[in-house]
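Colleague: The lines below spell out each chain.
There are 2 protein chains.
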Amino acid sequence: MAYIKLPEGLPGIRGAMAFRPETARPLNDLVEILLHGPNSLTTGERELIATYVSSENDCYYCQTIHGAVAAACLNGDEALVKQVKVDFENAEISEKLKALLVIAGKVQRGGKQVTAEDVARARGRGATDVEIHDTVLIAAAFCMFNRYVDGLGTDQPRDEAMYRERGKWLARDGYVNVSKEYLPAETAR
Amino acid sequence: MAYIKLPEGLPGIRGAMAFRPETARPLNDLVEILLHGPNSLTTGERELIATYVSSENDCYYCQTIHGAVAAACLNGDEALVKQVKVDFENAEISEKLKALLVIAGKVQRGGKQVTAEDVARARGRGATDVEIHDTVLIAAAFCMFNRYVDGLGTDQPRDEAMYRERGKWLARDGYVNVSKEYLPAETAR
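Chains A and B supply the protein sequences, listed in that same order. Taking the working numbering, I'd label the letters of the first sequence as residues 136 to 324. Taking the working numbering, I'd label the letters of the second sequence as residues 136 to 324.
It is worth saying that the hints were derived from the structure and are not from the lab. One thing to keep in mind: the hints can contain errors.
Treat identical chains as interchangeable: a pair holds within one or across any two.
[Claimed, not checked] Calculated pairs, DSSO-like style, for lysine-lysine (alpha carbon to alpha carbon, straight line, at most 27 angstroms):
| id | residue 1 | residue 2 |
| --- | --- | --- |
| 1 | K315 | K217 |
| 2 | K140 | K217 |
| 3 | K247 | K220 |
| 4 | K241 | K303 |
| 5 | K315 | K140 |
| 6 | K241 | K315 |
| 7 | K315 | K231 |
| 8 | K220 | K140 |
| 9 | K140 | K247 |
With these hints in hand, go ahead and build the complete structure from the sequences.
Modeller: Right, dumping it as C-alpha cells:
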C-alpha cells in the first residue's frame, strides 16, 4: 500500500498522476516529447534507454512498463530488451546506441560521472548534439520517475501480461493520449 | 565548456533549455507548479527542499540559484539556507519541514530508501498527503535537474551576485515568466 492515499486500481506512476493532475500534465508532456515525439533516435532506442536506467535504479514498475513499450517498438523482441538491461555491450544494437547507453548509465550514477570522452565516443559513432542532449535528459528524467514511483511506495503488481498489453498501447498512442484514461480532460489536454 | 554546443551566455540549465525549447516547456511548467504555484507549503519551504537536494547531489548551479530564491523568500536569510544544507535538524525551521527534508534526503539517495516510518513522522508533525507527495516529487525532480545540468557539463559561473539578483526575480515572477527571456514566446507560453 502506498504511503499516501492514492486512487485505487492505478498501479505505479498512474496512481500518483491521478492524485495530482497538476504535476501529471507536465510529466506526461515531458515523457511524450522525450520518448514518443519526432526524433532521429527511434522510439525503440529511446525506450531502451529509459528501460536501462530504470533497471539500474531497480524500479520494477518503470523498467517493466518501458521494457514492454520497447519490446512493442522492436517487433516484440523481449529477449533484446532483457539483454540490454544486463549486458548492452553484447546486445544486437548499434554501436551508437551502446555509446549513448554508457552516457545514460553515467547520468544514472550522477551527472558529474559523464566525461568529454564519453561524449566524444558517442559523437564518433554518429550521435548528434540533440541525441546526446536527449540521452542525458531521458536518463535524468527516469532518475526522477523511478524515485517518484518508489518514493511514494506505489502499488506495482507483478503481472507481466498487464504490462505487455499496456506497453502496446503506449507504443502506438503515446503518453499524453493514454493518460486521458485517468486524468481530467483539461489536464491531459 | 559544455559537452554539446549550447547557446552562449546562458549558464546552467538556461543554456540547455534554450537549446531544446520543446523539453524546456514541460520542465518549466513542472518547476513552476512544484515551487511557485499555490501550495500549503510556502515557496521558501519548497525552495529549501530543492536547495537541500541539489546540495546533496553536489550541483553548484542548482543549489546556488535555488538557495538564492529560498533566501529571497525568507527575508534574505542566507545563513538559514546554508544551515539547512549542512545541518537542517538544528536549523530554525519547523519540525514538519525537518521531517519532510528527511524524506527528501532519502529520495535523493533512492526512492526505496523512504520508509513508512519517515512518512508517519511527517504526518505526525502536520504534513498533509499533498505535502508529502510534493516533497517526494520536488526531491525526485531535482535529481533530474541536477543530473541534466551536470551531465551536459554546462557552464556554471562562480558569481554570487548574479545568482542573488536572479533569485530575487524568480522568487517574485516564477519560472514560466522568467523563462520568457530566453525561450521563444510560443514555447515559454
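Colleague: Decide, hint by hint, whether the structure agrees.
Modeller: Hint by hint, here is what the structure shows:
1. In this assembly of identical chains, the alpha carbons of K315 and K217 never lie at most 27 angstroms apart, being 30 angstroms within a copy and 43 angstroms across copies at closest.
2. Taking the shortest Cα distances, K140 and K217 never come within 27 angstroms of each other, neither inside one copy (33 angstroms) nor across copies (34 angstroms).
3. In this assembly of identical chains, K247 and K220 lie within 27 angstroms of each other by CA distance both inside one copy and across copies; the values are 22 angstroms within and 20 angstroms between.
4. Proximity of K241 to K303 under the C-alpha cut-off of 27 angstroms is found in neither arrangement, the shortest distances being 29 angstroms within a copy and 34 angstroms between copies.
5. Proximity of K315 to K140 under the C-alpha cut-off of 27 angstroms is restricted to the intra-copy arrangement: shortest distance 21 angstroms within a copy versus 37 angstroms between copies.
6. For a Cα distance limit of 27 angstroms, the shortest separation of K241 from K315 qualifies neither inside one copy, at 34 angstroms, nor across copies, at 32 angstroms.
7. Neither within a single protomer nor between protomers do K315 and K231 lie at most 27 angstroms apart by alpha-carbon distance, with minima of 35 angstroms and 35 angstroms respectively.
8. Taking CA atoms no more than 27 angstroms apart as the test, K220 paired with K140 passes in neither setting, with 32 angstroms inside one copy and 30 angstroms between copies.
9. In this homomeric assembly, K140 and K247 come within 27 angstroms of each other (Cα to Cα) only across copies, at 18 angstroms, whereas the closest approach inside a single copy is 36 angstroms.
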